[in-house]
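Student: Hints given; two lone chains; assemble the complex.
Just so you know, the protein sequences line up as chains C and E, in that order. Adding 23 to a residue's 1-based position in the first sequence gives its number in the working numbering. Adding 102 to a residue's 1-based position in the second sequence gives its number in the working numbering.
Heads up, a few of these hints could be off.
[What the hints assert, rightly or not] Covered stretches of chain E (chain C as the covering partner; in silico rule of three or more C-beta atoms under 8 Å from a C-beta of chain C):
#1 212-218
#2 278-287
[Stated by the list, open to error] Computed list of chain C residues with no C-beta within reach of chain E, every gap over 10 Å:
#3 S28
#4 A92
#5 E144
#6 D183
What the hints contain is simulated information worked out from the structure, not anything from laboratory work. Computed from a predicted model, the values in this text were never measured in an experiment. Where a beta carbon is used, it is the ideal one built from N, C-alpha and C, also for glycine.
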Amino acid sequence: MPGISLTINGRAYGPIEVRENLTMNDFLREELGMTGTKFGCGAAQCLSCAVIVDHADGTSSTMPTCIVAATEFDKLKIRTVEGHARNGELTPLQNSFIAHFAFQCGYCTPGFLNEAQVLLERLEKSPIPRAELESTIAEALDGHLCRCSGYVKYHQAVRDVVLADAHRFLT
Amino acid sequence: MSIDRRLMTILAVAASMLTPAASLAVSALGGTLAAPETFASMTDPAERSAAYFTELGKILTNPRCTNCHPASDRPRQGDAARPHQPPVFRGPDGFGLASMRCSNCHRGANFEPAGVPGNPAWHLAPAEMAWEGKTPSEICAQIKDPVRNGGRSLGDLVHHIGDDTLVGWAWHPGGSRTPAPGTQQAAKALLQAWIETGAACPN
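Chain E on its own, in the form it takes in the complex (with noise of 0.2 Å):
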């Protein structure tokens, strides 16, 4: 660890012990999903099909996907998408650095009394597959790309977000994180519906 980011760290643990208002202004995060019915007056099927990727998107740039879908090496931690502390990064596999596992610390579940957050699961999403600053029509471009979307099919997708257990960790993160907006299975259906008209794109 060089002496800037030692320094780094120390100057983000206080600024967390001094601004909790931070975290608190940015706790209206979670909220609802529409469900694909909700979209059903739009009768142009590419129309409707990127209303419903727009609203997935509400999920996709939440700090519950974008923390582990980083747009650098390293993860971010919390609702206010702070740089995680300690200061860990992605590794070779997504499961951090040799000295630093994911699983050092996240294990199986949470872990209240620590505040840190598990799943047996835990890792990062892949460097070609960070979300984090990206817009819904960017990430939907992104998204369908196998290059970028971990070799996956449409259908994988639906799997992923809709099925994966660390996915759905979004939605039940318990402690003090705003949960992903809707559910997982809310999400499911949406990204069905996306597909199933097309997976266009929002502008």
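Just chain C, same shape as in the assembly (with noise of 0.2 Å):
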């Protein structure tokens, strides 16, 4: 079996032995219990699944581990939703996802949080002018799909955490 090793939230991890056919969602949940990181439609539908892949370059993006082997994230670093509180302390973001009752059942919050908090992080290295936030936030969010229909409160959650730091992601 093939070994990996990777960083999750900042901890390292490995080597340890995968099967070939793991995904990273069993390998996060089955194999070191991080049940964070939600299984929804199995097929990259929902985006649920999503963690946040930092890149050697200095980007970040999410990335899908219902459908991609585990042994795609050999050597990668990644966060999953356990990663956002320091502490015991919510970032902002999480605070606006409570503060907007952003989420009913909290099955696909994982993925809208890591995909809402990348963006947090482009838009501080690339701000942009506020004409362009609303159509941003929705195509960051594009493909994560809510059951509870709560598209709209998550939206206007980034929107207040954006805003309320306009300095900082606004140009």
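Tutor: Listed below in structure tokens is the structure:
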């Protein structure tokens, strides 16, 4: 069996032997017990399984885990929903999700949270005009499915975080 | 994602679960590819050249090719050439939108437990290279036009179709996918023969 080593939420894991047919979602949930990353559709349709991948060039993006092999994450640095809060302190984004009651069942929340976090970090590096904010948020969250139809509240929650710290995210 | 697209996604997934026969019905997509020698009895070079391309048309109109040379910005998938699920789009560089890159799911090789095909260069052909829904004659004119073939010379086309590993995936798609007709080497031989006889297009 191949062995993988990776960093999850700043902590090094591995080398750990994994089956070649093991998905990353099963690796996180079943092997590591990190069940914050959800298994939804199993076809990368809903993206509740998406985690953040931190690339070597300093950029980050989300990646589904339900249809991708664990071996594809070898040597990668990733973040999951468990890695957002620090010492029990929720991030502004998490607090905004709560303030807006952006989720009901919460199953899609890890994916939305990760995607929105990637967006905030991107905006911090490359601020945009206020006029582009709505479409930028919509485009970033595009593809994430929420069965409870919390789309508007998710959108508003992200927008509030940006506007509350506008000098960081907007030109 | 709009409400309509979400609804389409849900309906498409449901339909794909309920109608497995649809994909079975078009599974006879593979088949053979005639070698250039097969056309030796055709004495008119232009006629023979057009015949070579007609034979190549079996590949160029095959879902293995047209799924990623789509008429719209959205790829198709499977032998039935269904709209790609999840809904993904070409993006400015052909490798998907920033929020959903092809490589998010399509990794270096097929991952059969999830039925996801892979190649390190997985991406869509540019919009001007769309082949979906076109006849071999139309594709022939298109493929010779540098404006609509990625700026390639005829020799470049031989390399693209004959040697490129992403193109080559079409003959080794894995899973339950039907391979493109013949072999990549056979396609290369036909393409070379087509060029050597004047690159004539079928009517």
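Student: Each hint should be assessed against the structure and marked as holding or not.
Tutor: Verification of the supplied hints:
no. : hint    : verdict
1   : 212-218 : holds (count 6)
2   : 278-287 : violated (count 0)
3   : S28     : 18 Å, holds
4   : A92     : 5 Å, violated
5   : E144    : 13 Å, holds
6   : D183    : 20 Å, holds
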